[in-house]
Amino acid sequence: MVSDTNPHFEDVDAETVDELLEQMVRIRRFEEGVLDEFSEGSVPGFVHLCHGHEASHAGMGVAMQPDDWLAVGGSRLHGQYIVKGVPFDEIMAELFGKATGPNGGKGGSMHLADVDRHLYGHAATIGSGQNPAAGLALAQQMRETGNVVLSTIGDGGTSRGSFHTALVFAAAWNLPVVYIIENNGFAISYSTQQQVGIDSLADYGKPLNIPSYSIDGSDPVAVYETISEAITRAREGGGPTLVESRVTRLRGHFEGDKQAYRTEEEARESNAERDPVTNFQERVIEAGHITAEAYDALVDEIDDEVGAAIQFAKDSPDPAPSTAYEDVLRLPLYGQGEGDA
Amino acid sequence: MRELNQVQAIREALDEELERDETVYLSGEDVGTFGGNFGETQGLVDKYGTERVRDTPLSEIGIVGHALGASIGGLRPVAELQFADFAATAGEEFINQIAKMPYISGGRLKAPMTVLAPSGAGIRAGAQHSQSVHAWTGHQPGLVVVAATTPYDAKGLLKSAIRDDNPVFVLAHKKLMGFKGEVPEEPYTLPLGEAVVEREGEDVTVVATQRLYHRSVEAAEELAEDVSVEIVNPRTFSPLDVETIAESVRKTGRLVVVDETPLRYGTQGYIASRIADEEFFSLDAPPRTVGVEDTPIPFSPTLEDEVIPSTSKIVDAIESVF
Ligand SMILES: Cc1ncc(C[n+]2csc(CCOP(=O)(O)OP(=O)(O)O)c2C)c(N)n1
Ligand SMILES: [Mg+2]
Chain F
151 MVSDTNPHFE DVDAETVDEL LEQMVRIRRF EEGVLDEFSE GSVPGFVHLC HGHEASHAGM
211 GVAMQPDDWL AVGGSRLHGQ YIVKGVPFDE IMAELFGKAT GPNGGKGGSM HLADVDRHLY
271 GHAATIGSGQ NPAAGLALAQ QMRETGNVVL STIGDGGTSR GSFHTALVFA AAWNLPVVYI
331 IENNGFAISY STQQQVGIDS LADYGKPLNI PSYSIDGSDP VAVYETISEA ITRAREGGGP
391 TLVESRVTRL RGHFEGDKQA YRTEEEARES NAERDPVTNF QERVIEAGHI TAEAYDALVD
451 EIDDEVGAAI QFAKDSPDPA PSTAYEDVLR LPLYGQGEGD A
Chain D
-18 MRELNQVQAI REALDEELER DETVYLSGED VGTFGGNFGE TQGLVDKYGT ERVRDTPLSE
42 IGIVGHALGA SIGGLRPVAE LQFADFAATA GEEFINQIAK MPYISGGRLK APMTVLAPSG
102 AGIRAGAQHS QSVHAWTGHQ PGLVVVAATT PYDAKGLLKS AIRDDNPVFV LAHKKLMGFK
162 GEVPEEPYTL PLGEAVVERE GEDVTVVATQ RLYHRSVEAA EELAEDVSVE IVNPRTFSPL
222 DVETIAESVR KTGRLVVVDE TPLRYGTQGY IASRIADEEF FSLDAPPRTV GVEDTPIPFS
282 PTLEDEVIPS TSKIVDAIES VF
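The listed protein sequences correspond, in order, to chains F and D. Under our numbering, the first residue of the first sequence carries the number 151, and numbering increases by one thereafter. Under our numbering, the first residue of the second sequence carries the number -18, and numbering increases by one thereafter.
No false leads were slipped in.
Pairs of lysine-lysine, DSS-like flavour, derived with a Cα cap of 27 Å: (1) 161/D - 408/F; (2) 161/D - 294/D; (3) 161/D - 28/D; (4) 294/D - 232/D; (5) 156/D - 294/D; (6) 91/D - 81/D; (7) 408/F - 156/D; (8) 28/D - 408/F.
These are calculated hints, taken from the structure and not from any lab test.
Hey, can you work out the whole structure from these sequences and the hints?
Written out as structure tokens, the structure reads:
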């Protein structure tokens, strides 16, 4: 039985529920693997984990078609790479800085790009990815590809003018783009409440008459439905949508963040009430959609895949130092070496 | 003498200046309770309150742009950027506003503001969190650009920057945050616009700051049996103290300029050309430059270590002028 507290549950078919569940578990188990490896010192630099954002990422990913573009933003990134279909092996290798990563080690955790899968990549200067997303959408519109562009950003990033300018362009040109604000209440230590006095960051779309929604981003079904509708509108020429997906950041901003700005009680409550993975797991089991045994089997299967990805990353070679000098420019330049034409 | 690391030195400078002058205030992302990216603002909000230690929304345009207006309005803002790379997101503010408004006003507007940011590579943070920006900011007439090499530098230069009546961009280096050095207990400031000879030598002048200063010291030590290396730390990149470098070259006759910025249109070439212009007949060999070979900073440790000049690259450059 579907419980009354989950009004959306019945609206989507069983296959979609399966997909949402699987994606959420994939993200959580992958991130647990990253956490272990980061603690071991295998992952260079710093990592920001997705705990709490899984439903938002899964709902978005399942709503997209493979040819739709994703320009990722915010700081919770690995889950977005996963739902775009990049295999664990490849993501893990890039996190480890290995030659077998999609960026050949030039990008790392913050910059994974996979153009064949229409994953544009990430502006690690938070909030700089939204205008390129508008441009990607213009390319879809002018070339009539039928593809839509999704672009995510954190609550913090919405303070940047670049974000607002992107909305202005998207509205002015009626672009096929969906902007998703993953509002987890914090920009590192700075709370959204401190930042702006408005109730919902989706209100930023209002003056531009962009259809705007504020949803519970810890409910994968709600995310899936809202983003699906927005994608359909964009694909049919109805222009941009702005969605605020309200989530909870269940860990520190980065691994090692002591979170002195957050009360322990608040963090604990967040964990108990707003963990989208355990909530959805309980919900689907309770609804009889999946048995507890089948769920455990799914987790085991995914853990094996994570383990294999870690092994793959460890076994992969480091990039050859000389590759550092490649990819700066595509050479020769046009006409270079051919004389005046 | 007492030792502090760079983070402690910066915090002490901020604390002393906030204490000394009530027109000084600090603003930036997470400078309050969080205590700054590297801990450099820890405890300041408790001491001075949220009026004078202000957490800001995430916008560098807001952070440095408002500081310009506030400084013109009679305050002495210290605006912090979490990474120096983000100065580019406020490129307009830096290049067209902060650097130019005092000049355009015929000198009537005074902008006594300080921007503080960590720069440099080595923490495996990728192309948008690893840049050294003193070349492109130094390229803007109207900005003073300072780079701290030791904790002593960091404290003394930051205090002077806050007291100076120009916009000053103070760059600390991420990889040197935990680096310890002697810092006197008594308050002091260091002059802006003046280079310092950190190590005396006879045979070759090496100009270097920040992390590559420390690698240059290693290189000098490695070569000590054969070559006597003099090391000049510019401290202020813009405007540059050419005379101190020239004086050193008059003695040594050789010049190697080492810097973490890209070589293309960079600091190394500028310094070498000023010396070539002014001290051509003191030179016994063409000047050498060492820097990042025109690539963004890649993430992977093997790649990042390849593009950032190593001690052995500096050794090679020094040997090549003999
Ligand atoms: C332009 C820019 N300024 C500052 C930073 C440093 N920084 C990295 S993540 C972050 C907070 C981002 O908060 P939010 O956008 O809400 O994303 P979340 O981390 O919550 O996913 C900040 C300030 C940055 N990367 N880029
Ligand atoms: Mg946030």
